[in-house]
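*Asks:* For the record, in the sequence shown the residue sitting at position 25 is 25 according to the UniProt record's numbering, with numbers rising by one throughout.
Some clues are possibly wrong.
[What the hints assert, rightly or not] Per label pair, the in silico range of CB-to-CB distance:
no.: 1; residue 1: Gln29; residue 2: Val50; range: 20 to 28 Å
no.: 2; residue 1: Gln19; residue 2: Leu63; range: 18 to 26 Å
no.: 3; residue 1: Val6; residue 2: Ala31; range: 21 to 29 Å
no.: 4; residue 1: Ala56; residue 2: Trp32; range: 31 to 39 Å
no.: 5; residue 1: Arg42; residue 2: Ser5; range: 53 to 61 Å
no.: 6; residue 1: Trp2; residue 2: Gln55; range: 48 to 56 Å
no.: 7; residue 1: Tyr23; residue 2: Ala45; range: 21 to 29 Å
no.: 8; residue 1: Ser5; residue 2: Thr35; range: 21 to 29 Å
no.: 9; residue 1: Met1; residue 2: Gln29; range: 20 to 28 Å
no.: 10; residue 1: Thr35; residue 2: Val6; range: 48 to 56 Å
no.: 11; residue 1: Ala31; residue 2: Glu4; range: 51 to 59 Å
For the record, the hints were derived by calculation from the structure and aren't laboratory data. Where a beta carbon is used, it is the ideal one built from N, C-alpha and C, also for glycine.
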Amino acid sequence: MWAESVGDAALADAVTGLQRHLYGAMPAQAAWNGTPLAQALRRHAARAPVHRHRQAMPALPPLNP
């Protein structure tokens, strides 16, 4: 599992807690708290690189100019 492969025990525990809440044999008695998972994911989130594209020439002429 990705959460275990990154070496972050808190992330792996948070994912395991969610899996147990959703798919556990016993019905969930309490609401699941997603804050620990959200915090752990934020630590591993990377900003998407900004790609600057040059303006391409249109392939077709304007329609009804």
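*Asks:* Look at each hint and say if it fits the structure.
*Replies:* Hint check results:
Separated by about 46 Å at the C-beta atoms, Gln29 and Val50 break the suggested range of 20 to 28 Å. A hinted range of 18 to 26 Å for the beta carbons of Gln19 and Leu63 is inconsistent with their spacing of about 52 Å. Under the hint 21 to 29 Å, the C-beta atoms of Val6 and Ala31, about 27 Å apart, fit the expected range. In this structure the supplied range 31 to 39 Å is violated for Ala56 paired with Trp32, their Cβ-Cβ distance being about 47 Å.
For the pair Arg42 and Ser5, the beta carbons lie near 18 Å from each other, so the given range of 53 to 61 Å is not met. Checking the proposed 48 to 56 Å range against Trp2 and Gln55 shows it is violated: the Cβ atoms sit about 38 Å from each other. Distance hint check for Tyr23 and Ala45: the Cβ-Cβ separation is about 25 Å, which falls inside the suggested range of 21 to 29 Å. For Ser5 and Thr35, the Cβ-Cβ distance of about 23 Å falls inside the hinted range of 21 to 29 Å, so the restraint holds.
At roughly 25 Å, the beta-carbon separation of Met1 and Gln29 lies within the given 20 to 28 Å, and the hint holds. For the pair Thr35 and Val6, the beta carbons lie near 19 Å from each other, so the given range of 48 to 56 Å is not met. Between Ala31 and Glu4 the C-beta distance comes to about 25 Å, which lies outside the given range of 51 to 59 Å.
The structure shown violates the earlier hints numbered 1, 2, 4, 5, 6, 10, 11.
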